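Once you have looked at the hints, place chain B on chain A.
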Amino acid sequence: MMSFLSYFINGVSLGSVYAIIALGYTMVYGIAKMLNFAHGDIIMVGGFTVFTIVSTMGGSPVAGVLASIVVCTVLGVTIEKVAYRPLRDASPLAVLITAIGVSYLLQNVALLIFGSNARQFTSVVTLPPLKLAGGELSISSVTIVTILSCIVIMIALTLFINRTKVGQAMLAVSEDRGAATLMGINVNGTIAVTFAIGSALAAVAGVLLCSAYPSLTPYTGSMPGIKAFVAAVFGGIGSIPGAMIGGILLGIIENLAKAYISSQLSDAIVFSVLILVLLVRPTGILGRKISEKV
Amino acid sequence: MAMLEVKDIQVYYGVIQALKGISFEVDEGDVIALIGANGAGKTTTLHTITGLLPAAAGSITFEGTDITRTPGYKLVSMGIAHVPEGRRVFAQLTVLQNLRMGAYTRKNRQEIEETIQKVYARFPRLEERKNQLAGTLSGGEQQMLAMGRALMSHPRLIVMDEPSMGLSPIYVNEIFDIIQEINKDGTTVLLVEQNARKALSIANKAYVLETGKIVLSGDAKELMNNEQVKKAYLSE
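Going down the list, the protein sequences come from chains A and B.
Mapping of the first sequence onto the numbering used here: position 200 corresponds to residue 200, and the numbering continues sequentially without gaps.
One rule links them: number in the numbering used here = place in the second sequence (from 1) + 294.
Isolated chain A (complex conformation):
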C-alpha cells in the first residue's frame, strides 16, 4: 500500500512537470493556432542556464532559476518574432516545419556549446524529504515543490486570464483574430505575451525536471516535450484545465505502468492510452464541443 502511494505521488509530481510544459503548448496552440514543437527544447535551455549559473559560475540556485526564466522568456519571444511572426498568414504546415527546424537549431546550438556528454545537474531544492506514516512513506522535497509549483501556476494563470485585460485579449484572439483586432486588441502583441508566458513556464518545468532527473543533455527537453504535447492533446488542446488534467493523468499512468507492468513498456502504454482516449473522445477530455448555432 505504501509503495503504491509512493508511486502515485511521484506520478503526480512527474505529471505536474508535464502539465506545466503542456500549458505552454496548449496556450500557444489556443491563441496562435500553431504547434510550437520547439517548446520542449526551451526546457533544455532552461536547464542549461541553471547549470551554467549554479555549477559553472557558482551562483545561488535562486539566481539560477530567475536567470533561466529570463533567458527562456527572451528566447521564446525572439523565436516567435523571428521565425513564426513572418509566417502568420502562411499555411499551418509551413509553420509546423519551421517549429521543427527551430527545435533542431536549439538542440544543435546546445550541442556546440555544451557537447553531448550528460551533465550532472544539482537539484535546486535542497530541503530534507518529508517522512510520513512513521518513516514508511518518504516524499522527496523536489516532489513536493513540483506539485506545489504546479498548483500555484494553475491558479495564477486562471486568475490572469479571467481578471486581466491581457488575459481577456488572449481569449478574444484565440476565438477570432480578425474580430479581436476590431476590438482594438493588438494581436501580435498578445501572441508575443503568450509565448513569453509559455516559455517562462518551460523554464520552471526545466528546473523541476532536472532537479528530479538530474542528467542534462541537449536532448533532455525532447521526450518530456513530446509527452507534454500528448498530455495537452489528451486533456483537450487549447484548454488550460485540460492541459493540467492531461499532464497529471499522464504522469500517474506512466509511473504506475513503470512500477507494476514494465518500465520498458511504460512509454508505449502512455501513448496507447492517448490513442484510446482519442478514439472515444476525439477532442480530448475537456476539448471544446462545437455548440454554435448558425
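Simulated from the structure, these hints should not be mistaken for lab results.
Just to be clear, a hint being listed does not mean it is correct.
[Claimed, not checked] In silico EDC-like links for lysine to aspartate or glutamate, alpha-carbon gap of 20 Å or less:
1. A/33 with A/136
2. B/492 with B/379
3. A/165 with B/407
4. A/165 with B/408
5. B/314 with B/299
6. B/301 with B/379
7. B/412 with B/422
8. B/424 with A/175
9. B/525 with B/504
10. B/368 with A/176
11. B/499 with B/322
12. B/368 with B/357
13. A/165 with B/405
14. B/524 with B/513
15. B/424 with B/407
Computed from a predicted model, the values in this text were never measured in an experiment.
Same frame as chain A, now just chain B:
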C-alpha cells in the same frame, strides 16, 4: 472638412485588383451607404479603411489624420468601430463578455458600466440574454450584439458591413431602425449593404460600386429614383 476622406485607394488580392481607385467622403453626422452587387468591392473598401487590408495606393484620412498605414487595432481608440460582415461575435463568450470586449480600449470602469446600461436600453434582448453564450443567439440577436459591442468603444464613426444579411424581414426592419437611432444620437454611419432599397431609405448620400469602381454617387433619395439604380439594384 469631411470626417473620413478616402482618396483613390487601390487594393490587390495577389495579382487581382479588387479596388481600382475609389474616392469618397463621409461627413460628420451622416449616414453614407455603399451599395453594389457581390464582388463589387464593398467589403474590401471597409476592410481597407479599418486597417484589415493594406492599400497599394491612395490615402485615407480620418478627422485630419492620415490612417492609411495605421494598424487596425489602433483605429478603435481613434474613434472608428467596425461591425463586421457575418457578425463575428465571440461565440464561446457570454453576451456580457462580448460587450466588455468591445470596451477593450477604454479604461474608466464606471463609464464602461454606464455604456453597458445604454446598450441594454437600446437592445433589451441583450440584457435578457446577458449570461448566455453568444454562439447560442439567433442571427438577429447576434447582429444586435455585434452592434452593441461596436458601440461599447464609444465610436464617432461606425462602419457596418451587411448588417441585414441573412436576417428575417422583421429583424431587417428593426436593425435599420436601430441604425437610424444610433445615427440620431450623434454617431456617423458608413453602411455597406446589398439591400439597396433599405440602405438608400435611411442614407443621406450613397455611392454605387461596380467591379472595384464607383460608378454613381449622389443624394440617396435621388439615387432611389435613378433609372439605372432602379433597374440594377431595386429590381423594378
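Do the hints match the structure? See the list:
| no. | hint | verdict |
| --- | --- | --- |
| 1 | A/33 with A/136 | violated, 47 Å |
| 2 | B/492 with B/379 | holds, 17 Å |
| 3 | A/165 with B/407 | holds, 16 Å |
| 4 | A/165 with B/408 | holds, 19 Å |
| 5 | B/314 with B/299 | holds, 16 Å |
| 6 | B/301 with B/379 | violated, 23 Å |
| 7 | B/412 with B/422 | holds, 14 Å |
| 8 | B/424 with A/175 | holds, 19 Å |
| 9 | B/525 with B/504 | holds, 14 Å |
| 10 | B/368 with A/176 | holds, 17 Å |
| 11 | B/499 with B/322 | holds, 12 Å |
| 12 | B/368 with B/357 | holds, 14 Å |
| 13 | A/165 with B/405 | holds, 16 Å |
| 14 | B/524 with B/513 | holds, 14 Å |
| 15 | B/424 with B/407 | holds, 13 Å |
Hints 1, 6 from the earlier list are contradicted by this structure; the remaining hints agree with it.
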